[in-house]
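Novice: This is what each chain is made of:
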Amino acid sequence: MADASLAAGVRLTRTPTPRSRFEAGVKIALISASLVSVLTTVCIVGSLLFETLSFFGEVPVSDFLFGTKWSPTFAGEQASFGVLPLLWGTLYLSLIALLVAIPLGLLCAIYLSEYAKPRVRKTIKPILEILAGVPTIVFGYFALTFFTPNILQDFLHLKVDLFNALAAGIIMGFMILPTIASVAEDAMSAVPQSLREGAYGLGASKLQVSLRVVFPAALSGIVAAIVLGVSRAVGETMIVLLAAGAVANNALNPSEPHQSLAAFIGATAGGDAPTGSIEYKTIFAVGMLLFVITLIMNLISIRFVRKYRQVYE
Amino acid sequence: MSATSEAIQAAPTSRRAKDTAFRLALMACLGVSILLLGVLLYDVVRDGVGHLDWHFITSFTSISADKAGAQAAIWGTIWLMGICAIFIVPVGVATAIYLEEYADNERWYNRLIEVNIQNLAAVPSIVYGILGLAFLVRGPLSLGNTVLAGGLTLGLLVLPVVIISGREAIRAVPPSIREGSMALGATQWQTIWRQVLPASIPGIATGVILALSRAIGETAPLIVVGAATVIAFNPEGLDSPFTALPIQIFSWIQRASNDINDYRPLAAAAILLLMIMLILMNSVAIWLRNRYEQKW
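Going down the list, the protein sequences come from chains L and W.
Heads up: the first sequence begins at 10 in our numbering, then just goes up one per residue.
Heads up: the second sequence begins at 453 in our numbering, then just goes up one per residue.
Since the hints were made in silico from the structure, they are not lab data.
Backbone N, C-alpha and C define an ideal beta-carbon position, used for all residues, glycine too.
Mixed in with the good hints there might be a few duds.
[What the hints assert, rightly or not] For the chain L half of the interface with chain W, some residues (derived, Cβ under 7 angstroms), not all of them:
1) Y120
2) S191
3) T303
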């Protein structure tokens, strides 16, 4: 595009014609359209920051970040704003999801990238895309009305509550599985064929090539896939809101209800919290925490993706 | 002598056994994932197919589960998708054109726009709901709990999808097309408008449909911007209160557990409707991609 800007520079030294004025106008219109996305970020940060600061005017920062009791909707003295139970719920649910999604997702990726014939890959990838396209409220419905009562309680005879972290976490794992599988598969497919051929030439088996050559070579892309999966699990609202209950919980027991940061926002914002009330401000403070956590993960993920692109492309 | 030849034979067999076991493990993992999708679809169809009829599509929601339908939700979703599309197509395509055809990648502000879009694509949807609540529903724009605020919130949410796929479609048009056009005396914009855009429309349309199919299933942001759960009329204008299919599903699931009426089959029927719309949209996208994909 250097030629184009050079041409524009030359044109500026002449008297503007209607045609050149039109071209300049188009460019300005295009730039303003692309500023919409920048403005979106500015507005997200601005709205979160504004109400969060006002929240911290009423609740000390240390009470929020290190308090162990979360009951913001209680009246007067009973209200407590310790966010740790929500943070724990978020991490705990994500952890359960990852225990499902990392092994399944990565093995699916190895199969698709190294083992599957082109025809098999062509049929299986759309199926994974359908799984990725299922709205999360459908997963929530499935976890609450089928997975908990039919699988966990009747089939496996586990003593779990109707709302429990286990079902929500496992189903969330299947939600993020296609993300992890497809990003990891991209990374593995990007490993140059010469590495595989070199290993085969030295007498390695397909298993050894997959696990000891391709997997390590694609590691930065695989890490990016996992981090992206974590970030989706952390931000997921509907599955947790429907299947994990609405109780902020410090416990380690996955058969009990747990609540996450996102699910709290969903549960509280659904009611009509009046602007300026402490309840309204709480939504923004929790949202800010969620935004910061996912932002950090996204930046890490982008960095890792860039790393593997630099090596092989 | 015999011992060595045995050793030589033994090693490949155990290796082959390991290889086969690993291959089976891989296929089992894939099988589990596909099985879950199958069970999920089976469960929803079993619960909901009995309720999915003309009455369900043409009736409004009701206290009585037998009489309830999803008409307001269906029309709400159609309005939301319309507003969303009108917003994301011009803004998304213009951004994609700017970044591919005009922006100089060496400039810090262009790189900032790029990184920003990558980040926005991964911001949790509920945070967009908060943005909608603070800026569109209340605050500066004060649109209220209207279908316009809901549609714009969803539009902001899926805008990065349109931009990213639009850029890919534009990048796929070979430079020779541009050079040919410019050599005949066309300006940069004439080249883009008459050569590059027509060639990349299938790719752009695919991206737009995929973006809409993500927006149609989003529930969390609509909850936050205040979609109504019980509503007995269709949206009549941009400033109308609204509900949508995912919101209706959510409200029916939540009501199911504590009522004499069983709302769960209604939720399942609405999920079926949503999934049918999604599959139709995706089929159109796949068809577009296959029908008009050009190999240069």
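Novice: Taking the hints in turn, state whether each one holds.
Specialist: Here's how the hints hold up against the structure:
no.: 1; hint: Y120; in the structure: 4 angstroms, holds
no.: 2; hint: S191; in the structure: 12 angstroms, violated
no.: 3; hint: T303; in the structure: 6 angstroms, holds
Hint 2 from the earlier list is the only one contradicted by this structure; the remaining hints agree with it.
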